[in-house]
Structures are given as C-alpha cells and as structure tokens.
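Q: Quick mapping for you: the protein sequence lines, in order, are chains F and E. Position 2, counted from 1, in the first sequence is what my numbering calls 2; the numbers after and before it change by one each time, with no gaps. Position 56, counted from 1, in the second sequence is what my numbering calls 398; the numbers after and before it change by one each time, with no gaps.
Treat the hints as calculated values from the structure; they're not laboratory data. Cβ atoms here follow ideal geometry from the backbone N, Cα and C, with glycine treated the same way. Some hints here could point you the wrong way.
[What the hints assert, rightly or not] Under 10 Å between C-beta atoms, here's a sample of chain F residues computed to sit facing chain E:
| hint | residue |
| --- | --- |
| 1 | 57 |
| 2 | 59 |
| 3 | 172 |
| 4 | 207 |
| 5 | 325 |
[To be verified] Using 27 Å as the maximum straight-line C-alpha spacing, the simulated DSSO-like pairs for lysine-lysine come out as follows:
| hint | chain 1 | residue 1 | chain 2 | residue 2 |
| --- | --- | --- | --- | --- |
| 6 | F | 288 | F | 197 |
| 7 | E | 596 | F | 201 |
| 8 | F | 158 | F | 110 |
| 9 | F | 288 | E | 596 |
| 10 | F | 288 | E | 597 |
| 11 | F | 288 | F | 201 |
| 12 | F | 197 | E | 597 |
| 13 | E | 597 | F | 201 |
| 14 | E | 626 | F | 197 |
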Amino acid sequence: MSVRNFKGSGRWWALAGCLLWLAFTFFPLYWVAITSFKSPLGVVGGPTYIPFVDFDPTLTAWSELLSGARGQFYNTFIASTIIGLSASVLATFIGSMAAYALVRFTFEVKLLSGVIFVVVAFGGYLLGRHVLGYGQAISLIYAFIAALGLAIGSSRIKLPGPVLGNDDIVFWFVSQRMFPPIVAAFALFLMYTEMGKMGFKLVDTYTGLTFAYVAFSLPIVIWLMRDFFAALPVEVEEAAMVDNVPSWRIFFGIVLPMSKPGLIATFMITLAFVWNEFLFALFLTSSKWQTLPILVAGQNSQRGDEWWSISAAALVAIIPMVVMAGILSRLMRSGLLLGAIK
Amino acid sequence: MTRNDPVKHFFIWPALLIVLVISIFPLIYSLTTSFMSLRLVPPIPARFVGFGNYTELLQNPRFWNVAWTTTIIAFVAVTLQYVIGFSVALALNRRVPGEGLFRVSFLVPMLVAPVAVALIARQILNPTMGPLNELMTAFGFPNLPFLTQTRWAIGAIISVEVWQWTPFVILMLLAGLQTLPDDVYEAAALENASPWQQFWGITFPMMLPISVAVVFIRLIESYKIIDTVFVMTGGGPGISTETLTLFAYQEGFKKFNLGYTSALSFLFLIVITVIGLVYLAILKPYLEKHK
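Make a model of the complete structure from these sequences and hints.
A: See below:
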C-alpha cells in the first residue's frame with residue numbers, strides 16, 4: 001500500500017466530500033435536462049424532480065426546437081460548428097509551428113527593435129490620421145507595415161540594449177491573454193467596421209470571427225504545445241538531421257505525428273474555448289454568423305420564463321462539449337496533460 | 343539545445359503576425375481614442391481632451407462601484423475555488439473510492455458554456471419555480487429573492503463562478519500533486535508526522551509554485567467576467583452587480599461613447615496589471631524561501 005492512500009476513516013470522509021461536490025456539480029445539469037422534457041404547465045406549477053413520478057415528460061420543447069419554430073437553430077448550430085472547428089484547427093496548426101520553433105530554434109530579438117515597432121506604429125498612426133488626414137483603417141495599415149519593416153530592418157544592424165530570447169517571446173505571447181478582451185473586442189469591432197467601409201466586409205462574416213478566434217487562441221496553444229514539444233526526445237530529430245532531412249520535413253513527418261495526443265488535447269481545449277466564447281461573438285456578429293452562446297443568451301430576454309424551451313436550447317450548446325469532456329478525460333488519465341503545467 | 347536555421351522564420355511568422363496585428367491594432371486604437379472625446383451616437387467630431395476621460399471616470403462613483411463589485415466577485419470566488427479545488431484534488435490524489443469516475447465528472451462544468459450555466463442558475467434560483475427556494479422553505483427559511491437583492495445576487499454569481507471554475511483548479515492541482523515525489527512522504531511517515539503536519543510541512547509548500555500560477559490565472563480571468571452576469575442579473579438590481587467588462591459594454595455598445603469606453607478599458611488594464619504585480623510581489627519571498 002502506497003503512502004499516498006488514505007488510512008482509516010479519512011477515506012470515508014473524503015468520499016463523502018467528493019459525493020457532495022458531485023451532487024453540487026451534477027444537480028444543475030440534471031435540472032436542465034429534465035426541464036427540457038417538461039410541459040409548460042409542469043414548469044410553472046413549481047419545481048418537480050423525477051420524470052414519470054413527479055411529472056409526465058413531453059417532447060414539446062425539443063420538437064419545437066428541432067422543427068425550427070424557435071428561431072434559426074440549425075443555422076446557428078452550423079455556424080458555431082464551422083467556426084469552432086476551423087478556428088481550432090487553424091490555431092492548433094499555426095500555434096504548433098510557432099511553439100516548435102520556440103522550442104528547437106534560437107531566437108534573438110533586440111528589445112530596442114520591439115520599442116521601435118511600438119513607437120513607429122503609434123507615431124505612424126497619429127501622423128497618418130491627424131497630419132496627413134488619412135482614414136483610420138488606412139493609417140493603421142500603413143503604420144503597421146512601416147513599423148514592421150523598420151523593426152525587422154533594425155534587428156539586422158547591431159543595436160545596443162538587452163536581447164530577448166525564446167522564453168521572453170513565449171512570455172510575450174502568453175501575456176496577450178492578460179489583456180481584457182473587452183478592449184480588443186471593441187476595437188476590433190470598430191476596425192472591422194472601418195474595413196467594411198473600404199469594401200472588406202468583416203463584421204458578421206466567417207473570416208472576421210474566425211480570425212479573431214485564431215488570434216485569441218494562439219497564446220494558449222503556444223503555451224500548451226511548447227511543453228509537449230519540449231518533452232519529446234530530441235535524439236530522433238538529431239538522427240534525422242544527420243541524414244540531412246530538411247527541418248520542415250522533420251516537423252511535419254516526425255514531430256507532428258509523435259505529438260498527436262498533445263495536438264488532440266490542445267485542439268479540444270481550443271475548441272471548447274471557441275465554442276463557449278461570448279464577448280467576441282456578441283460584438284462581431286449580428287445575424288448570419290451568430291454563434292450558439294449568443295442565441296442561447298438571447299432566449300432569455302425573448303422568451304422570459306419559458307424554461308422548457310430555454311433548457312432545450314441550452315442543452316444543444318452543452319452536449320457537444322460534455323461528450324468532449326469524456327474524451328478529454330480519457331486522454332488525461334494517460335498522463336497526457338501532465339506536461340502542460342510545468 | 344536550440345539550433346539556428348533560416349526555416350525558423352517560416353515557422354514563427356504566421357503566429358507572430360496574427361498576434362501582432364490583433365494586439366497592436368486595438369492597443370493603438372483604444373489608447374489614442376481614450377484621450378479624445380468621441381461619440382458615434384449622436385455623432386460628435388473627435389476632440390482632443392487629454393486626460394479628461396480618465397478624470398471623469400475616476401470621479402464617477404459608478405466606476406468605483408463597478409471596480410469594487412468585480413474585485414469582490416473575483417477574490418471571493420477564487421478563494422473558494424482554490425480551497426475546494428485543493429481539497430478535492432487531494433482526495434482524488436489519494437485514491438478516494440470511485441476516483442476514476444469523479445475525475446471524469448468533475449471536469450464537466452469547465453466545458454459548459456458560461457451563458458448556459460447562467461441560464462440554468464436563473465432557473466434554479468427562481469423564487470417561485472426554482473428548486474432551491476422550495477428546499478429553503480422546506481427547512482423553514484424564508485423564500486429569498488436570490489437575483490433581485492444585491493447581496494444574494496452577488497452571492498449567486500460567486501456560486502456560479504465556483505461551480506464552473508473549480509474544475510480548472512482541480513485539474514491543475516491534481517496534475518501538480520502527481521508529480522510530487524513519494525520518498526518525502528515515506529520519510530514523514532517514518533517520523534510519525536500527522537496528516538495535518540504532512541500537508542502543511544510538505545504538500546502545501548511543494549505545491550506553492552503551481553498554486554500561485556493557478557490562482558493568478560483564475561484571478562485575471564475572473565476580472566473579465568461578463569457572460570454570467572449579463573444573463574443572470576444584467577448588472578441589476580440597478581447597477582449593483584455590474585462588472586467592469588459589462589460597464590464597458592454598456593458604455594461602448596449601448597451609448598457608443600468611444601473615448602470614455604477606451605479610457606475605461608485602459609483603467610481596467612491598469613487595475614489588472616497592478617493586482618497581478620502586487621500579488622506576485624507579495625508571494626515572491628515565499629516562493630523563493632521554498633525553492
């Protein structure tokens with residue numbers, strides 16, 4: 001018997017505590033599940049708990065929902081699925097490449113180049129906007145290109161000042177998550193509107209929302225995938241390098257297949273994040289590409305206390321992710337996510 | 343060992359470019375707007391006002407009220423999440439009966455859309471049709487207006503946060519517990535250290551680095567809370583449960599008061615950064631002591 005196991009009565013106290021937490025965790029889910037099978041009268045008449053004993057379950061809410069009598073449910077579900085899947089695939093792919101590069105290659109960025117980038121971007125924007133009189137979007141784009149060009153150019157020449165390494169770049173990526181999303185969501189909305197005036201429609205489009213989600217998932221993808229890649233044995237890659245296999249083939253042919261479990265876990269975490277995301281969808285979509293959280297939140301104000309149909313709608317948003325939780329925990333038990341926290 | 347190869351640029355630039363675009367654009371845009379008076383409805387031409395928006399905000403009692411509400415929600419919820427999460431993780435780590443099943447099911451709330459959680463909470467807390475009030479009356483307590491009275495509403499929001507995010511704490515702490523070495527505990531058992539002593543003497547100090555990280559992540563994320571509040575109370579009664587993000591949403595998206603909203607966003611960013619730095623500064627000596 002290992003030192004880690006419980007001794008004596010402690011075991012039963014722990015079990016009681018866990019059961020209590022289990023009840024707290026599952027009661028709300030149980031409640032929403034049974035409410036979706038209640039008839040309107042069964043809801044309004046006060047709480048009832050057990051189907052067939054307390055109340056007679058009906059399929060009214062579900063048939064209304066699935067027949068489309070309650071708004072464009074199919075469209076929203078499909079939009080949510082498409083955006084969720086493509087944003088998570090893209091983010092996992094792009095993020096893995098960056099994470100791999102940050103684990104295996106040496107990067108050196110002069111702090112001064114970073115400062116130049118920020119200063120030129122700001123200055124260029126102000127110059128374009130208030131001195132030269134360009135529109136917002138145009139000044140932003142010009143300022144960005146100028147800043148990027150100068151920053152890259154300046155990193156070529158010898159600059160004084162501290163040099164940032166791989167860890168600092170990872171930190172910069174991860175710190176983007178600290179930024180309150182409302183700042184970005186609102187600015188993105190205005191930027192997208194500006195772009196729309198120039199002919200690129202981004203508000204309420206697939207491209208606009210997917211781009212925002214990819215960008216906001218990248219920090220977490222890079223953070224997770226970096227640990228997975230760092231845990232891989234480097235010998236295999238070294239052997240391939242001796243045989244003169246180019247780096248991109250090492251990555252796609254050896255490293256990616258080896259880290260498949262990590263990729264799947266990261267993909268699913270990203271998918272859950274995108275699927276449940278509310279704020280960006282609220283700002284950046286209006287009708288066509290509305291996602292499930294917005295529709296579900298809207299049920300509240302539109303339908304008041306029609307809990308039976310609200311419950312059914314909420315379940316549609318919940319069930320795919322609960323199924324995923326099952327798969328994820330399978331992966332977790334094999335010790336997969338251990339590396340992710342070190 | 344890292345190596346040098348020109349192909350590295352091909353690997354990192356897509357991610358770098360996307361994150362750069364999405365982080366620098368909003369930053370430039372909102373920072374410059376925060377110094378201007380700019381409204382879309384009714385449209386007023388932009389006017390430079392310097393720190394006007396900031397001083398106006400800092401003098402607005404609503405801002406302080408909102409910041410205070412958010413702070414209460416974040417701190418109380420994260421404390422509860424940490425205490426409960428640590429206990430559950432300890433139990434799971436020591437192979438409580440049925441551990442396999444608990445592990446799967448404890449993860450679920452984290453993956454449920456916050457909006458859906460808030461809707462379910464509304465049903466359960468409903469004064470006439472909800473089960474909680476029936477339970478309360480059955481035990482002889484008065485029927486309580488959970489979502490329409492400030493204190494109860496804040497309590498309700500905190501419970502929903504705890505329900506949803508304790509799984510995250512469990513997940514992280516459990517992973518941390520599993521990496522602790524066995525031999526320390528074997529030595530402690532030989533010395534007849536009580537479980538209580540073992541926890542405070544070994545487990546807690548060794549878990550401190552990961553605890554700090556988990557609490558930090560949760561604290562920052564809690565400050566961003568909007569969806570739960572948006573659905574559960576809409577900030578009400580009055581503005582008593584309004585959070586920072588919700589306030590910014592109301593000002594920006596309902597009133598289109600852009601300069602003001604941008605200034606608010608930056609104050610928000612400053613608040614989060616200050617809290618993060620203070621938190622890390624307070625804990626640094628402890629972290630170094632146990633290294």
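Q: Now tell me, hint by hint, if it's right for this structure.
A: Status of the hints after comparison with the structure:
1. Residue-level restraint check for residue 57 (chain F) is violated (minimum Cβ-Cβ distance to chain E is 17 Å; threshold 10 Å).
2. Against a cut-off of 10 Å between C-beta atoms, the interface hint on residue 59 (chain F) is violated, since the closest Cβ of chain E lies about 19 Å away.
3. The interface hint given for residue 172 (chain F) is met, as the beta carbon of that residue sits about 8 Å from the closest beta carbon of chain E, less than 10 Å.
4. Look at residue 207 (chain F): its Cβ only gets to about 13 Å from chain E, farther than 10 Å, so that hint breaks.
5. The restraint placing residue 325 (chain F) at the interface with chain E holds, with a minimum CB-CB distance near 5 Å, inside the 10 Å limit.
6. Pair hint residue 288 (chain F) plus residue 197 (chain F) holds up; C-alpha atoms about 19 Å apart against a cutoff of 27 Å.
7. Taking the CA atoms of residue 596 (chain E) and residue 201 (chain F), the gap is near 22 Å; set against the 27 Å cutoff, the hint holds.
8. Only pairs whose Cα atoms come within 27 Å are accepted, and residue 158 (chain F) paired with residue 110 (chain F) is accepted, the gap being roughly 9 Å.
9. For the given pair, residue 288 (chain F) sits about 21 Å from residue 596 (chain E) by alpha-carbon distance, which is consistent with the 27 Å threshold.
10. Pair hint residue 288 (chain F) plus residue 597 (chain E) holds up; C-alpha atoms about 24 Å apart against a cutoff of 27 Å.
11. For the suggested pair residue 288 (chain F) and residue 201 (chain F), the alpha carbons sit about 13 Å apart, so the restraint of at most 27 Å is met.
12. Of the pairs offered as hints, the one joining residue 197 (chain F) and residue 597 (chain E) holds, with about 21 Å between alpha carbons and a cut-off of 27 Å not exceeded.
13. Under the criterion of a C-alpha separation no larger than 27 Å, the hint pairing residue 597 (chain E) with residue 201 (chain F) is consistent with the structure, at around 24 Å.
14. A hinted pair counts as satisfied when its Cα atoms are at most 27 Å apart, and residue 626 (chain E) with residue 197 (chain F) does not qualify at roughly 50 Å.
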